[in-house]
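Visitor: Each chain, letter by letter, is given below.
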Amino acid sequence: MYTLPGEYYHSEEIYGRELEQIFYQRWQLACREEQVAEPGDFLTVPVGDESIIVTRTRNRDIRAHFNVCRHRGTQICAEDEGHFTNDVIQCPYHAWQYDLDGALKGAPLMRDVPGFDKKDYSLHAAHVHLWGGFVFINLADSPAPFEEEMGALIGRFGDWRLPELRIAHHLPYRLKCNWKLIIQNYQECYHCPGVHPLLSDWTPFQNAVHDCLEGAVIGGFMTLTKKRGSMTMDGEAAAPPVCNVSGDDLQRVHYYSVFPNLLLTPHPDYVLYHLIRPVSVDEITSDCYFLLHPNILNDADRMQRFQSAVEFWDMTNKQDWAVCEQMQLGTRSRRFKRGRYAPQEDILYALDREVLKALGELD
Amino acid sequence: MYTLPGEYYHSEEIYGRELEQIFYQRWQLACREEQVAEPGDFLTVPVGDESIIVTRTRNRDIRAHFNVCRHRGTQICAEDEGHFTNDVIQCPYHAWQYDLDGALKGAPLMRDVPGFDKKDYSLHAAHVHLWGGFVFINLADSPAPFEEEMGALIGRFGDWRLPELRIAHHLPYRLKCNWKLIIQNYQECYHCPGVHPLLSDWTPFQNAVHDCLEGAVIGGFMTLTKKRGSMTMDGEAAAPPVCNVSGDDLQRVHYYSVFPNLLLTPHPDYVLYHLIRPVSVDEITSDCYFLLHPNILNDADRMQRFQSAVEFWDMTNKQDWAVCEQMQLGTRSRRFKRGRYAPQEDILYALDREVLKALGELD
Amino acid sequence: MYTLPGEYYHSEEIYGRELEQIFYQRWQLACREEQVAEPGDFLTVPVGDESIIVTRTRNRDIRAHFNVCRHRGTQICAEDEGHFTNDVIQCPYHAWQYDLDGALKGAPLMRDVPGFDKKDYSLHAAHVHLWGGFVFINLADSPAPFEEEMGALIGRFGDWRLPELRIAHHLPYRLKCNWKLIIQNYQECYHCPGVHPLLSDWTPFQNAVHDCLEGAVIGGFMTLTKKRGSMTMDGEAAAPPVCNVSGDDLQRVHYYSVFPNLLLTPHPDYVLYHLIRPVSVDEITSDCYFLLHPNILNDADRMQRFQSAVEFWDMTNKQDWAVCEQMQLGTRSRRFKRGRYAPQEDILYALDREVLKALGELD
Numbered sequence: 254m255y256t257l258p259g260e261y262y263h264s265e266e267i268y269g270r271e272l273e274q275i276f277y278q279r280w281q282l283a284c285r286e287e288q289v290a291e292p293g294d295f296l297t298v299p300v301g302d303e304s305i306i307v308t309r310t311r312n313r314d315i316r317a318h319f320n321v322c323r324h325r326g327t328q329i330c331a332e333d334e335g336h337f338t339n340d341v342i343q344c345p346y347h348a349w350q351y352d353l354d355g356a357l358k359g360a361p362l363m364r365d366v367p368g369f370d371k372k373d374y375s376l377h378a379a380h381v382h383l384w385g386g387f388v389f390i391n392l393a394d395s396p397a398p399f400e401e402e403m404g405a406l407i408g409r410f411g412d413w414r415l416p417e418l419r420i421a422h423h424l425p426y427r428l429k430c431n432w433k434l435i436i437q438n439y440q441e442c443y444h445c446p447g448v449h450p451l452l453s454d455w456t457p458f459q460n461a462v463h464d465c466l467e468g469a470v471i472g473g474f475m476t477l478t479k480k481r482g483s484m485t486m487d488g489e490a491a492a493p494p495v496c497n498v499s500g501d502d503l504q505r506v507h508y509y510s511v512f513p514n515l516l517l518t519p520h521p522d523y524v525l526y527h528l529i530r531p532v533s534v535d536e537i538t539s540d541c542y543f544l545l546h547p548n549i550l551n552d553a554d555r556m557q558r559f560q561s562a563v564e565f566w567d568m569t570n571k572q573d574w575a576v577c578e579q580m581q582l583g584t585r586s587r588r589f590k591r592g593r594y595a596p597q598e599d600i601l602y603a604l605d606r607e608v609l610k611a612l613g614e615l616d
Numbered sequence: 254m255y256t257l258p259g260e261y262y263h264s265e266e267i268y269g270r271e272l273e274q275i276f277y278q279r280w281q282l283a284c285r286e287e288q289v290a291e292p293g294d295f296l297t298v299p300v301g302d303e304s305i306i307v308t309r310t311r312n313r314d315i316r317a318h319f320n321v322c323r324h325r326g327t328q329i330c331a332e333d334e335g336h337f338t339n340d341v342i343q344c345p346y347h348a349w350q351y352d353l354d355g356a357l358k359g360a361p362l363m364r365d366v367p368g369f370d371k372k373d374y375s376l377h378a379a380h381v382h383l384w385g386g387f388v389f390i391n392l393a394d395s396p397a398p399f400e401e402e403m404g405a406l407i408g409r410f411g412d413w414r415l416p417e418l419r420i421a422h423h424l425p426y427r428l429k430c431n432w433k434l435i436i437q438n439y440q441e442c443y444h445c446p447g448v449h450p451l452l453s454d455w456t457p458f459q460n461a462v463h464d465c466l467e468g469a470v471i472g473g474f475m476t477l478t479k480k481r482g483s484m485t486m487d488g489e490a491a492a493p494p495v496c497n498v499s500g501d502d503l504q505r506v507h508y509y510s511v512f513p514n515l516l517l518t519p520h521p522d523y524v525l526y527h528l529i530r531p532v533s534v535d536e537i538t539s540d541c542y543f544l545l546h547p548n549i550l551n552d553a554d555r556m557q558r559f560q561s562a563v564e565f566w567d568m569t570n571k572q573d574w575a576v577c578e579q580m581q582l583g584t585r586s587r588r589f590k591r592g593r594y595a596p597q598e599d600i601l602y603a604l605d606r607e608v609l610k611a612l613g614e615l616d
Numbered sequence: 254m255y256t257l258p259g260e261y262y263h264s265e266e267i268y269g270r271e272l273e274q275i276f277y278q279r280w281q282l283a284c285r286e287e288q289v290a291e292p293g294d295f296l297t298v299p300v301g302d303e304s305i306i307v308t309r310t311r312n313r314d315i316r317a318h319f320n321v322c323r324h325r326g327t328q329i330c331a332e333d334e335g336h337f338t339n340d341v342i343q344c345p346y347h348a349w350q351y352d353l354d355g356a357l358k359g360a361p362l363m364r365d366v367p368g369f370d371k372k373d374y375s376l377h378a379a380h381v382h383l384w385g386g387f388v389f390i391n392l393a394d395s396p397a398p399f400e401e402e403m404g405a406l407i408g409r410f411g412d413w414r415l416p417e418l419r420i421a422h423h424l425p426y427r428l429k430c431n432w433k434l435i436i437q438n439y440q441e442c443y444h445c446p447g448v449h450p451l452l453s454d455w456t457p458f459q460n461a462v463h464d465c466l467e468g469a470v471i472g473g474f475m476t477l478t479k480k481r482g483s484m485t486m487d488g489e490a491a492a493p494p495v496c497n498v499s500g501d502d503l504q505r506v507h508y509y510s511v512f513p514n515l516l517l518t519p520h521p522d523y524v525l526y527h528l529i530r531p532v533s534v535d536e537i538t539s540d541c542y543f544l545l546h547p548n549i550l551n552d553a554d555r556m557q558r559f560q561s562a563v564e565f566w567d568m569t570n571k572q573d574w575a576v577c578e579q580m581q582l583g584t585r586s587r588r589f590k591r592g593r594y595a596p597q598e599d600i601l602y603a604l605d606r607e608v609l610k611a612l613g614e615l616d
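Residue numbers (my numbering), protein chains in the order written: chain Y, 254 to 616; chain H, 254 to 616; chain A, 254 to 616.
The following block holds chain Y by itself, in its conformation from the complex:
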């Protein structure tokens, strides 16, 4: 099993096709539902060169609109988040007004333009699908059904009651590597003994099991050796088990990459996820979030204990970012053609094939 050729991490041409064929065509994570909690709340979500407004309507539906006024193309929202006053999305330039569903309601002085019908000038819509409290979006005109692309998610992690969980902490990062390297890094623990001594103590890499090996959702779990353990600085749980988590799951950390931009890591006592966004062929942002039940969030003592999980993952994230950035640098070499995967990296081979399929280079 050989790795992708080096150009897949450095070629502007390939990166351009990845934006077109993957980020502008596939279902991907935008945010959590709670981030647009009330009607009129909005978030602007960057997707490659695009910007998407995610908002909630009066009916409490979540909608996604391209952040582009239909008059002359002005970006409507410059802020990362905010609230639309009076349920009006108003372009700052010429004051065209849209409702939260994206319908054009006000277009000053356009009344008498022959053939101009407001109905033809709604904001361009992106598709929305909710799962587990996550807001997924799709920028394609006619996307494949979410359930088809993300079939392996359906019914999974029910015991965590994901929709009920809330963001307890956010660690934002920016790093100099191709977006695929961070997903590859996430999906193998061959590097753990050398890079993550503490993680390897709590979950020896020999115990990794992959139970989902094909398609957009790929993953498995690692076994905690400590009873009632978890990924924290001392290896003890950071909180009581999440909702209905029980049985084997009390000793497991699940690692799922939800192609192309979500890394979902349910622990017995909390849920971790990373939202990966390409900035350019060799730069990404990685936003690491922790989810807890509101019962814990509202308990100051328990939240103090929980910091041990945040500290653990901040340390572990930075260990990973360093090696990913070094892999980005090394794969530029003309002497690097293709690397060779170890047997423990078979899942990366599956990920590479998922990319090649999306690019139409593999059936």
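Since the hints were derived computationally from the structure, they do not count as laboratory data.
On a predicted model such as this, the values are computed, not experimentally measured, just so you know.
Accuracy of the hints is not assured; some may be wrong.
Pairs count within a copy or across copies, as identical chains cannot be separated in the list.
As the list claims (entries may be wrong) - As a list, the in silico DMTMM-like pairs of lysine to aspartate or glutamate whose alpha-carbon atoms are at most 20 Å apart:
1. 610 x 265
2. 479 x 501
3. 590 x 265
4. 429 x 302
5. 590 x 373
6. 590 x 303
Given chain Y's structure and the hints, the job is docking chains H and A onto it.
Guide: The following block gives chains H and A in isolation, referenced to the frame of chain Y:
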């Protein structure tokens, strides 16, 4: 009427052609005559990737030279402005010397080179034309006559006696948008009610009249509602009328875009102009100048009152820059094909056609 | 004699070919032997987009390895210099281990991979040649013999006993110009009267003699007018003559460019050299080093006197960098086609031909 497609604000290829066909071929503003007041004074003017030395000779003529030594291509002047000592333009590298007319006078050790004749090694010249105290340059080998390209300027604004006015203030800006967006912004007041509340109070946008709708010089005027008013923080004139300005012009602010890089705005009591320079496809500098008669300039009390005009336009400029930068961002979207002009934006359609003609895409 | 066209200093395409045909194919300076003094000491040397590890083995041989792990292409050494503990070169990602000769010794969990043989996974080697205490490397698969490419170096400067000298001082610079401009600047003193008044006092440019006019090694000498003089702030020697230097060499400063990245300048009393590295088509680093015999280096009084040489060259370097950066700017002009060399610049014509030959554009 539809806008230009989005690529006209983002494509490196189109930007390259704009430099070639417009900035390297057309008459454009370089500076004011007063900025090279004395023989030997010079200014270096960036034009795309070129740098042009504007200087004044012993005969008080103004000359423009490419800032490139004929020996090995070294840029001669690194400073933005200065004075050539002893009327000598000397290359800092190998000390080749030119007179203020650009003729090669000294070329050390070249005397005995067979076939070398100093007459063949003058600085490359750019063409110069003076109008209204403004220095226009043209980088083409054989430019169209200024009067032909800029016919609409001839005889206009005579009452302001523009050559007698002097720079009273300079506001430099750098902003992230394509150069055309700033000219479009200047030529419509459809955006004024939302973006410029104070400006709209002094000159309601319904009063805009376009009296020059085709060619390189496009514009019209807006009517001041306040008697003896002007564009200042309190809407009162900042100074007495300029020179011979009288009659209707006492209640008008004229807005003329002189394609491709001058926005000329004669007020009853002062003259405002913006010099626009592309830095890259998505970045420009905009230098905003105020002209007054020396009588005012030398009167400290009147200059204090005049600050109200400077304050007004600094505020108004920044309001415009913000929406122009947001339009730059939004028009990147793949969903933005062409926008739709309102009737009040008809003049922008004329500007777009001027660009397309210059690019040879329209007859 | 005409210069290269301007595009040779600005075209990404030509720069790309220069990396391929010159920097990835030709012998070039990496460092001094003393910089990897002990077994396990290492330096990472950037060569275009490549990074090369130079290290010393237990047998005290010097080896050069591509800084790329054979497993998945990770850059192994992130530091500029360091020491390999226990003679092991270990990739930080998955802990593959190589010995100092580059042989793969440890590849965790690869034992049972069918057809995997460690012998096939040594670090990629670059070729090494030592001359005068300098470490030259060559990244090609099958380089021409060093003696063939650099024939003119063999036997030269024997009196300086270069291998015995040690680095006394290092001046690092980064400047905005194409790499060829700095070599051209080094090889002509036509610019000296205007740019370097002090240097011209000590070694009038009329005295320049070129004795090596073709091939990769090009140079000559200039004559010191002051007896026992040298290039220092007061024109007096900075130190006693180097080793066996005597006779005419006591009054000469030799200037040799060793194509493509070494400028070697033996003085009577010290040796100066510049290591030039392209960063991009219009940016380079220039590292300026001074070599002295250890006898001087260990003598505090003499080292105090020696500062006069450092001060002189820091001043002189900066004078050169300024004009090189201005030449980079000026040669962008569309009006600059080719410049014309003065007779005193004939050696630059030879340098240009060396570049064109390397690019396959000249036989």
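Visitor: Look at each hint and say if it fits the structure.
Guide: Outcome of the hint check:
1. Taking the shortest Cα distances, residue 610 and residue 265 sit within 20 Å of each other inside one copy (19 Å), while across copies they are farther apart (31 Å).
2. In the homo-oligomer, the alpha carbons of residue 479 and residue 501 lie at most 20 Å apart inside one protomer (13 Å), although the nearest pairing across protomers, at 80 Å, exceeds that limit.
3. Taking CA atoms no more than 20 Å apart as the test, residue 590 paired with residue 265 passes inside one copy only; the shortest distance there is 18 Å, against 23 Å between copies.
4. With identical chains, the CA atoms of residue 429 and residue 302 are at most 20 Å apart both within one copy (18 Å) and between copies (16 Å).
5. Taking identical chains as interchangeable, the C-alpha atoms of residue 590 and residue 373 lie at most 20 Å apart only when they sit on different chains, with a minimum of 14 Å there against 51 Å within one chain.
6. When the C-alpha separation of residue 590 and residue 303 is checked against a cutoff of 20 Å, the pair qualifies only between copies, where the shortest distance is 14 Å, while the shortest distance within a copy is 33 Å.
Comparing the model with each earlier hint shows no violations; every hint is respected.
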